[in-house]
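Modelling step: build the complete structure from the supplied sequences, incorporating the hints.
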Amino acid sequence: MKNFIRHAGAVRRSFVVVFFLLYPLTVFAHKRGGEAIGFASGFLHPISGLDHILAMVAVGMWGAQLGAPAMWVLPVVFPMVMALGGMMGLIGIKLPGIELCIALSALALGFAVCREARPKLWIAAIIVGVFAIAHGHAHGTELPLGASGVLYSIGFVIATGLLHALGITIGLIHRWPAGRIALRVAGAVVAMGGVFFLWKVISGEAA
Amino acid sequence: MRQLRLILFWLTLAITLIAAPSAHAHLMNTGFGPFSDGLTHLFVTPEDLLPVIALALMAGLRGPCFGRAVLFALPVAWLAGSTAGLLLASPIALPVAETIVTIALGVLLATDRPLPRAAVVCLAILLGLFHGILNGSELPKQSLSSQISAAGVGAALFVAVSLLTGQAASIRVLWARVAVRVAGSWIVAIGLLMLGWAMRIPG
Chain F
1 MKNFIRHAGA
11 VRRSFVVVFF
21 LLYPLTVFAH
31 KRGGEAIGFA
41 SGFLHPISGL
51 DHILAMVAVG
61 MWGAQLGAPA
71 MWVLPVVFPM
81 VMALGGMMGL
91 IGIKLPGIEL
101 CIALSALALG
111 FAVCREARPK
121 LWIAAIIVGV
131 FAIAHGHAHG
141 TELPLGASGV
151 LYSIGFVIAT
161 GLLHALGITI
171 GLIHRWPAGR
181 IALRVAGAVV
191 AMGGVFFLWK
201 VISGEAA
Chain Z
208 MRQLRLILFW
218 LTLAITLIAA
228 PSAHAHLMNT
238 GFGPFSDGLT
248 HLFVTPEDLL
258 PVIALALMAG
268 LRGPCFGRAV
278 LFALPVAWLA
288 GSTAGLLLAS
298 PIALPVAETI
308 VTIALGVLLA
318 TDRPLPRAAV
328 VCLAILLGLF
338 HGILNGSELP
348 KQSLSSQISA
358 AGVGAALFVA
368 VSLLTGQAAS
378 IRVLWARVAV
388 RVAGSWIVAI
398 GLLMLGWAMR
408 IPG
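Top to bottom, those sequences are chains F and Z. Take the first sequence: its position 80, counting from 1, is numbered 80 in the numbering used here, and each next residue is one higher. Take the second sequence: its position 119, counting from 1, is numbered 326 in the numbering used here, and each next residue is one higher.
Calculated directly from the structure, the hints in this document are not laboratory data. Quantities reported herein were computed from a predicted structural model and do not represent experimental measurements. Quick reminder that beta carbons are idealized off the backbone N, C-alpha and C, glycines included. Every clue listed holds true.
Cβ-to-Cβ under 7 Å is the rule here; a few derived chain Z residues that face chain F: (1) P253; (2) V385; (3) W393; (4) V395; (5) A396; (6) I397; (7) L399; (8) L400; (9) M401; (10) L402; (11) G403; (12) W404.
Laid out in structure tokens, this is it:
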């Protein structure tokens, strides 16, 4: 009971996290229309699709699970490489298999958290980097022309960074034995989400 | 208490960024005169503010003496650039070059490279001259209010740099230093997306 009271704050925060995970109205971040005119639309774009949310949060969780320096290297690498992918999408550079790679990202990152995979830091950074390019490119190609992309870009990057921070915060439960198991279960949930997105992509391509 | 002050500082900075109504190089009209227009300009122009944040945080991370050098070098160079820009016949707009400068400063902050003080001061002078010329070229020519506005921008720079370098120089814990470096990576990411927007071909 004492433990529960001590961790009541964490439990409340977890409810908030679960609420926000369940809240998104659309499934795919890169299927949403809208005007690229300001901070709000940029901020809302990354949190409007469950596939993007799962991948971003999983990056944070995996980083926290791996510990320092991966805990901060992965969230530093991801926004930069994702923005590079976004830039490629914005200027019209085509990349093959983006949808598939996005679906695989949730599956692979969730699997890594579930299995507590501990590759070398540079391998983890490359894995995260490849998925970051795919997510960034998908967002970049779909953005409509707006009056100014600056505030949109600021909102977009801050939202993505906050999703990583959320993942790291969740991942900090790794230090407790029960939290370690809970984190692996969370990884399995993310991986199952990845399977769902993969199925959607494959069935969509087949149709 | 110290952590609360840090949180309040970053919250204020985030609100300032979020509240920025538009991203125009020219001055906004506050209704309080040209000095206030100049004072406000920096805080509502992300293209100007982002490289300043990156440079100030980078200098602050290196220590108080780096911060003090940038605190005086950047506003003075910016004012000199604005004066030179006022002499130009037509406005200059270099969005790609501006963005590349922002990305470069963001990379330096994210990587936390130990640069010598002379190099940091040179960066401050180059940034000040570059953005000052661009700002100055947009101001109305042969008008006293333009020079007063430029002084307002210089004052805003002094305040922004002193706050940012002071906060960064006072960091003692590792996670806070990492957070500042993460802010650098965000600036790089924003810069890369801005570059994409600037190079985007309509259609």
